[in-house]
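Respectively, the protein sequence lines represent chains A and B.
Under our numbering, read the first sequence as residues 1 to 223, first letter to last.
Under our numbering, read the second sequence as residues 1 to 251, first letter to last.
Treat each hint with caution, since some may be false.
Only part of the chain B face toward chain A is listed, based on derived beta-carbon distances under 10 Å [stated by the list, open to error]:
| hint | residue |
| --- | --- |
| 1 | 25 |
| 2 | 43 |
| 3 | 66 |
| 4 | 67 |
| 5 | 68 |
| 6 | 70 |
| 7 | 90 |
| 8 | 92 |
| 9 | 96 |
| 10 | 100 |
| 11 | 101 |
| 12 | 106 |
Hints were generated in silico from the structure; no laboratory data involved.
Here a beta-carbon is modelled for each residue, glycine too, at the ideal position from N, C-alpha and C.
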Amino acid sequence: MVHVSGGLSGAVPELRLDGVSVRQGRRLVVEDLTWAHAAGRIAWLVGENGTGKSSLLRVMAGRARPSAGTVTLRDPAGRTRERIYYKPAMRLPGGVRAQEWSRLMDRLAGLGAAEVEEPLAALRPDVPADRLLGRVSTGEAKRMLLEALLRKPVPFVFLDEPYEHLSGRARGALTEALVARARTAVVVVATNQPIPAHAAGPVVQLDGERPVVLEPEEAPWKG
Amino acid sequence: MEGVSRLKGGRVAGRANSAPAGRVRALAAVELRRMMRAPGTLVGVVGFLILLAVGHWSYWTTLPPRPEDDRLFVWAYIVAMCGMLRFGLAEDRELAIDEYLVPNLISPLRYALSKLLATTAMLGVFGAGAFACAAAASAGDLQYAAWYTVLMTLVVWMLLPALLLVEICIDTRYPALFVLLAFVATLIVGRLMLGPVAIVRLLGLDVERYVYASLGPLGVRALVSGWLLVVLYPLCRLRLVGRAGWSWAGA
C-alpha cells in the first residue's frame with residue numbers, strides 16, 4: 001500500500017519512497033516503507049531516540065543509501081539536486097567573525113541577509129558583527145545555520161531536529177518559515193519535540209521496524 | 001522540464017549543485033582568516049620567531065668567520081608549519097561544517113578548491129613574513145632570506161599531498177605533525193635501506209646553499225605534488241561523499 005500525502009500531481013515537488021529499508025549499522029530500523037509526499041504541508045518524522053528518524057531523513061536527503069528500496073525526488077522545474085539538509089551536529093567555525101560569516105552566506109545562499117523577508121528574517125539572531133563565532137551561544141549558532149540554509153530557494157528541505165537549542169520565539173519563527181516554505185517545497189522535519197498544531201502535516205511515526213504513516217487528522221498533535 | 005532523481009539501494013554516487021567561481025574566492029577568504037586566527041598559527045609563528053632569534057643570536061655573537069649555516073631557519077620553518085599548515089578538512093569534519101556547506105551551499109570541487117586556495121595563500125603570506133623576518137634578523141642578507149624561504153616553500157609544497165592524505169584519514173587539527181613524523185620515518189627507513197645519499201637525492205634535497213639551480217629537483221617534485229593533489233581529489237571527494245555528497249541516480 002502506498003501512503004500518499006498531499007495528492008501527487010506532478011505540479012509541485014514530490015518525494016516518493018518505495019519499499020525503503022534503512023539500517024543503522026547492522027540493525028534494521030526502518031523496513032519496507034512506501035510513502036509519498038508532495039509540497040503543501042510540512043511532513044514530520046517522529047519517534048523515540050534511536051528509532052531511525054535521522055537515518056531515514058539522511059536517506060531521503062540523499063546523504064546515505066537505503067539498504068533496500070528506492071527514493072525518488074520529482075520536481076516540475078527539474079531541480080532535483082537542489083536540496084538542503086541540516087542536522088544538529090553541525091557547528092559554526094569558531095575563528096570566523098559574525099560579519100564575515102554573514103557575507104559568506106550572502107554569497108553562498110545567493111540571497112543577501114537584507115533581502116530575507118519575514119518570517120525567516122526573525123530567525124536571524126542579533127549578534128554583533130565583530131563577534132567570533134566561537135563565542136556565540138549554541139542557540140544563536142543554530143539560528144544562524146538554519147537561517148542561512150533556508151535562504152536558499154530549493155525544492156527539497158530535510159531538517160533533522162531543527163528545534164534543538166532554540167528559544168520559544170525562534171521556534172515560532174522557524175515553524176512559520178517552514179510552513180511558508182512547505183507551500184512550494186517538500187519539507188521533511190525529523191523531531192521528537194511537540195509538533196505545532198498550526199504546522200500540521202503528515203507524520204511518519206517510527207517506533208518499530210515498520211513505520212506508521214499518519215495523516216494530519218490522525219496524528220497525535222501535541223503543540 | 002520535469003526532473004526526477006532516484007536513489008536506490010546500492011552504490012552512492014557523488015554529484016553536487018554548481019556555484020559561481022566567486023563563491024570559491026569568498027569561501028577561501030574566510031578559510032584564510034580562520035587559519036590565521038587558529039591557536040596553532042599563533043603557536044607556530046611564535047615558535048618560528050623564537051627559533052629564528054636564537055639562531056641569529058648565536059650567529060651574531062660568534063666572532064668572524066661566522067658559520068655558514070641556516071641559523072635555525074629550517075627548524076623554525078618546520079615548527080611554524082607544524083602549528084599552522086592544514087587544509088582544514090579534518091577540522092571541518094569534526095564540526096560537521098563540511099556537511100553543512102557541501103553540497104547544501106557549494107559543490108565538493110569548489111569546496112576543495114577553496115581549501116587549496118586558502119592554504120596556498122597562507123603559505124604565500126607566511127613565506128613573505130618569514131622572508132622579511134629572516135632579512136631583518138640577518139641585517140639585510142637578502143640572499144640568505146630569499147634562498148631559504150624558497151627552499152622551505154618548495155619542501156612544504158612537496159609535502160602537501162601527504163598533508164591531504166593525513167587529513168582524509170585522520171581527524172586532527174594538526175595534520176602537519178603527522179606529516180613530519182611520516183617524513184622523519186621515511187628518512188630513517190630510507191637511510192637504512194637506500195643509504196643517506198640516495199634518500200636525500202630521492203627527495204630532491206641534495207641542494208647547494210644559495211645555488212637556485214640546485215633547487216631544480218625539489219622544484220620538479222613540488223610540481224609533481226601539485227598534480228598529485230589533483231589525482232587525490234577523488235579520494236577527498238569520496239570522504240566528503242561518505243558524509244555529505246549527493247546520492248542520486250538519474251531517471
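Exercise for review: Have a go at the residue 70/B hint: is there a Cβ in chain A nearer than 10 Å to its own Cβ?
Suggested key: This interface hint is violated because 32 Å lies over the 10 Å limit.
Review point. Hint check: is the beta carbon of residue 96/B less than 10 Å from a beta carbon of chain A?
Key: Hint holds; residue 96/B Cβ to chain A Cβ min 5 Å, cut 10 Å.
Practice item. Mind checking the CB of residue 92/B against every CB in chain A and telling me if the closest is under 10 Å? Key: It holds, given that the least Cβ distance between residue 92/B and chain A is near 8 Å, below 10 Å.
**Study point:** chain A contact restraint on residue 43/B - CB to CB distance below 10 Å
**Key:** Interface hint status for residue 43/B: violated (14 Å vs cutoff 10 Å).
Exercise for review: Using Cβ atoms only, decide whether residue 68/B comes closer than 10 Å to chain A, and label the hint accordingly.
Suggested key: 40 Å, violated
**Study point:** Interface hint compliance - residue 90/B to chain A, C-beta minimum distance less than 10 Å
**Key:** 13 Å, violated
Practice item. So, residue 106/B near chain A? Judge it on the closest CB pair being under 10 Å. Key: 6 Å, holds
Exercise for review: Let me know if the C-beta of residue 67/B comes in closer than 10 Å to any C-beta of chain A, holds or violated.
Suggested key: 40 Å, violated
Check your understanding: Regarding the hint that residue 101/B lies at the interface with chain A, is the smallest CB-CB distance below 10 Å?
Key -> It holds, given that the least Cβ distance between residue 101/B and chain A is near 7 Å, below 10 Å.
Check your understanding: Taking the closest Cβ pair, is residue 66/B under 10 Å from chain A?
Key -> 41 Å, violated
Practice item. Go through the hint on residue 100/B and say holds or violated, using the shortest Cβ distance to chain A against 10 Å. Key: Holds, because the Cβ-Cβ distance from residue 100/B to chain A comes to roughly 4 Å (cut-off 10 Å).
Point to revise | Interface restraint verdict for residue 25/B against chain A (beta-carbon cut-off 10 Å) | key: 9 Å, holds
The structure fails to meet hints 2, 3, 4, 5, 6 and 7 from the earlier list, while all remaining hints are met.
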